[in-house]
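> Line by line, the protein sequences give chains A and B.
Heads up: the first sequence begins at 12 in the working numbering, then just goes up one per residue.
Heads up: the second sequence begins at 12 in the working numbering, then just goes up one per residue.
Hints listed in this document are in silico derivations from the structure and should not be mistaken for laboratory results.
Careful, some of the hints might be misleading.
If several chains are the same, the list does not tell them apart, and a pair holds so long as it fits within one copy or across any two.
Claimed, not checked - Think about it this way: if two alpha-carbon atoms lie no more than 27 Å apart in a straight line, the pair counts; the simulated DSS-like pairs of lysine-lysine are:
1) LYS237 <-> LYS296
2) LYS38 <-> LYS154
3) LYS223 <-> LYS323
4) LYS238 <-> LYS263
5) LYS40 <-> LYS249
6) LYS329 <-> LYS40
7) LYS40 <-> LYS296
8) LYS262 <-> LYS223
9) LYS38 <-> LYS296
10) LYS323 <-> LYS38
11) LYS223 <-> LYS56
12) LYS237 <-> LYS79
13) LYS262 <-> LYS79
14) LYS38 <-> LYS223
15) LYS237 <-> LYS329
16) LYS56 <-> LYS296
17) LYS79 <-> LYS238
18) LYS79 <-> LYS296
19) LYS104 <-> LYS296
20) LYS323 <-> LYS56
21) LYS79 <-> LYS154
22) LYS323 <-> LYS104
23) LYS154 <-> LYS104
This is what each chain is made of:
Protein chains: 2
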Amino acid sequence: MARKLINNPNDLVNELIEGYILFNSSKVKRLGDLNVIIRADLPVKDKVGIVIGGGSGHEPLFLEYVGKGIADAAVHGQIFAAPSPDLTYNAIKAVDSGRGVILLYNNYAGDVLNFNIAQEMAADEGINVQTVLINDEISSAPKERMEDRRGTTADHLLFKIAGAASGEDMDMDSLVRLLRKAVYNSRSLGVSLSACSLPQTGFATFTLEDGKMEFGMGLHGEAGVKKVDLMSADDTAKTILDYIIDDLPFKKDDEVLVVVNGYGSTTRMEMFIVTRKIYSYLNGKGISIYSAEVGEFCTSQEMAGVSITLMKLDAEIKKYYGCPV
Amino acid sequence: MARKLINNPNDLVNELIEGYILFNSSKVKRLGDLNVIIRADLPVKDKVGIVIGGGSGHEPLFLEYVGKGIADAAVHGQIFAAPSPDLTYNAIKAVDSGRGVILLYNNYAGDVLNFNIAQEMAADEGINVQTVLINDEISSAPKERMEDRRGTTADHLLFKIAGAASGEDMDMDSLVRLLRKAVYNSRSLGVSLSACSLPQTGFATFTLEDGKMEFGMGLHGEAGVKKVDLMSADDTAKTILDYIIDDLPFKKDDEVLVVVNGYGSTTRMEMFIVTRKIYSYLNGKGISIYSAEVGEFCTSQEMAGVSITLMKLDAEIKKYYGCPV
Chain A
12 MARKLINNPN
22 DLVNELIEGY
32 ILFNSSKVKR
42 LGDLNVIIRA
52 DLPVKDKVGI
62 VIGGGSGHEP
72 LFLEYVGKGI
82 ADAAVHGQIF
92 AAPSPDLTYN
102 AIKAVDSGRG
112 VILLYNNYAG
122 DVLNFNIAQE
132 MAADEGINVQ
142 TVLINDEISS
152 APKERMEDRR
162 GTTADHLLFK
172 IAGAASGEDM
182 DMDSLVRLLR
192 KAVYNSRSLG
202 VSLSACSLPQ
212 TGFATFTLED
222 GKMEFGMGLH
232 GEAGVKKVDL
242 MSADDTAKTI
252 LDYIIDDLPF
262 KKDDEVLVVV
272 NGYGSTTRME
282 MFIVTRKIYS
292 YLNGKGISIY
302 SAEVGEFCTS
312 QEMAGVSITL
322 MKLDAEIKKY
332 YGCPV
Chain B
12 MARKLINNPN
22 DLVNELIEGY
32 ILFNSSKVKR
42 LGDLNVIIRA
52 DLPVKDKVGI
62 VIGGGSGHEP
72 LFLEYVGKGI
82 ADAAVHGQIF
92 AAPSPDLTYN
102 AIKAVDSGRG
112 VILLYNNYAG
122 DVLNFNIAQE
132 MAADEGINVQ
142 TVLINDEISS
152 APKERMEDRR
162 GTTADHLLFK
172 IAGAASGEDM
182 DMDSLVRLLR
192 KAVYNSRSLG
202 VSLSACSLPQ
212 TGFATFTLED
222 GKMEFGMGLH
232 GEAGVKKVDL
242 MSADDTAKTI
252 LDYIIDDLPF
262 KKDDEVLVVV
272 NGYGSTTRME
282 MFIVTRKIYS
292 YLNGKGISIY
302 SAEVGEFCTS
312 QEMAGVSITL
322 MKLDAEIKKY
332 YGCPV
C-alpha cells in the first residue's frame, strides 16, 4: 500500500491544482476547469508566450513554474502521463498575444505526440507555435542520437531562461535559437537508490534491491544503464560528473550552472554532501561554478537518489538566468 | 541498510556544513572549524543577536536559516543530538554586538541543558543572553503543561520574525516579549505514515505497519498519541486542524499564518492536496489565512507525513513576518 496522503486516486491532479491555486491565487489561476495553470495577468501584451507541461507526479514540475519571469502556462497530464492535446491547445490560445507561442517541454514520446497535435491545431488558426524539446539526460541515448534523449532537470533552468528572455521583448526566432543553445549546453545524469510508488495504486514502478544503486534510471522507472553496489556520495558524484563532463565535453575555463536535484526522499544533508564534492571536483578541473541550485526540482514521487545537471554558460544565457523570477 | 548518499558516517555534519558553505559562500561562513554557521557580515552593529540551533538531520534546519533578515548564527549537533555548550558559547561571542543575544530554539531536554550552560558561560563574561523556547507541538503535553511541549515547525516562522524584528533596532526586552507572544500563538500537530532511518546506521527509529498512520509522532521517533488506519488526506487535515483549533483556541475572524510541512518523502502533490482542505476548512470556520507556506521546513530524514502549523497574527507579528529575508 502506498504511504500517501491522498483522497480519491482519480482526483489527484485536480486536487493538486485546486490546492496550488488557493495557495498562490495572487499570481496564477486555472484555465476553466482544465488541468492548465496560467499566469493571472494573461495575455501579456507583445510577448512570445511560453507553454510548458508534461505528466503530473514530478512536482514542483510543472505548475510551480508559472508566473512573471517564468512560464506563462503549464499543462498537466495525469500521473506520469502526457497531457492531452486539447489542454495544450487551450493553453496556447490563452497565452498568445499575437507574437506566437513556444512549447518547451521534456522529450518523451507521448508528450511529443500530444504537443505536436496541439501545435497543429493552433497553427490551423494562424498562431505561430514553435517547439523546443529538452533532452539533457545523457544515458538515455548515445550522443550521435541526442535527439532521442529524455528531458530531465535542465528544464528547471530552461523555464527560467525562457521566461526571462521572452519578458524582455525577444522575438520568436531569437528565443528559439537561445533556448536550443541552452538545451544543447545542458547535460544531466542521475542515480536512484530506491523505487517510487504510483500514488493511484501504491505499486512500485520497479524494484531495486537493498544495497544497490542504479545510474540513469528514468523519472518514470525507465531502466537505467548501470546497476552497482551502493557507492559513497563522493564516488557517486565523481562518477556522474565524469560521464557528464565527457559528453559535452565541458572544458577547463568553462563556466557552468549546477543543479543538484533530489528525486523525492533524499535529504538536503545528502544533497549538500554531494554538492561539496561537485565544487571540489569541478574546481580541480578548472571548471568554474557560476551558481548552484540544490533542491527538489524534478521529482519522481518518493524515489531516493539525486541527479546532477551542468549547463555551460555564455554571456547571453547568463544574462537571462540572472533575471529575477 | 540506509538508502543514503553519504561518505563516512562520522563526517555527516561536517560535510553537510562544508557543502552548504560552498553553495552559499557570499552570505554565510563557518565559525572556525566548529559546526556553527554564521552570517558573513558579523557582528552586525547595534543589533540584538539571534542564535538558533539543535540536532542535525532536520535540514533545512538550522543552517539554512542564517542570513540577513533571519538568524545570525546556527549551531549544529550531530544527527538528532543537541549541540554541545561550547558551540553555542562561541556562536554567542561571534554574534554579540553589545546589545545581547537571544537563544531561540526548540524545547528538547538535551538542547535546554546545553544551551543553558552556554548562556551561563556567556553571562559570566557580561553578555546579556535571553532564551526563548519554542513549544508549539500540542500532542507532546497537555495545555496545562505547555512548557513541556516540544518545538517543531513553528520555528520556521519564529526565525523569520526574530530576524526581521532584531534587524529593525528592537531592544532585547521588546524582542523577547514579541517572540514569546508569537510562540504562544503557534500550534502544530503532525501525522507520520512511515518511520525514518538514521543515516549513520541505516536503522529505523521506530516501526509503523503498512496501512497505519500515527498522529503526534516526534521528529526523532518519539511515540505519537494516536495510531489509526490510513485516512484520506481530507480527513487527516480535518483531524489535525480540530486538535489545533481547539487548543489555542483559534476563533472566527482570527487571521493566521499556515505552514504545511513535509517530513521528508511526502510529495508536494500530497502537500497541496492537504493545503486545499486547510483552506476550505478554515474558511468554513471564519478563520482567515493571511499567508501559507508549503514545503519541507522541519524534516525527519525520509519519514513520510506532514505537520500543520497555525500562528495567530496581530499587527505586530504580521509586520515582521512580512519583512524580506
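> Does the structure break any of the earlier hints, and which numbers would those be?
Of the numbered hints given earlier, those the structure breaks are 2, 3, 4, 8, 11, 12, 13, 14, 15, 16, 17, 18, 19, 20, 21, 22 and 23, listed in rising order.
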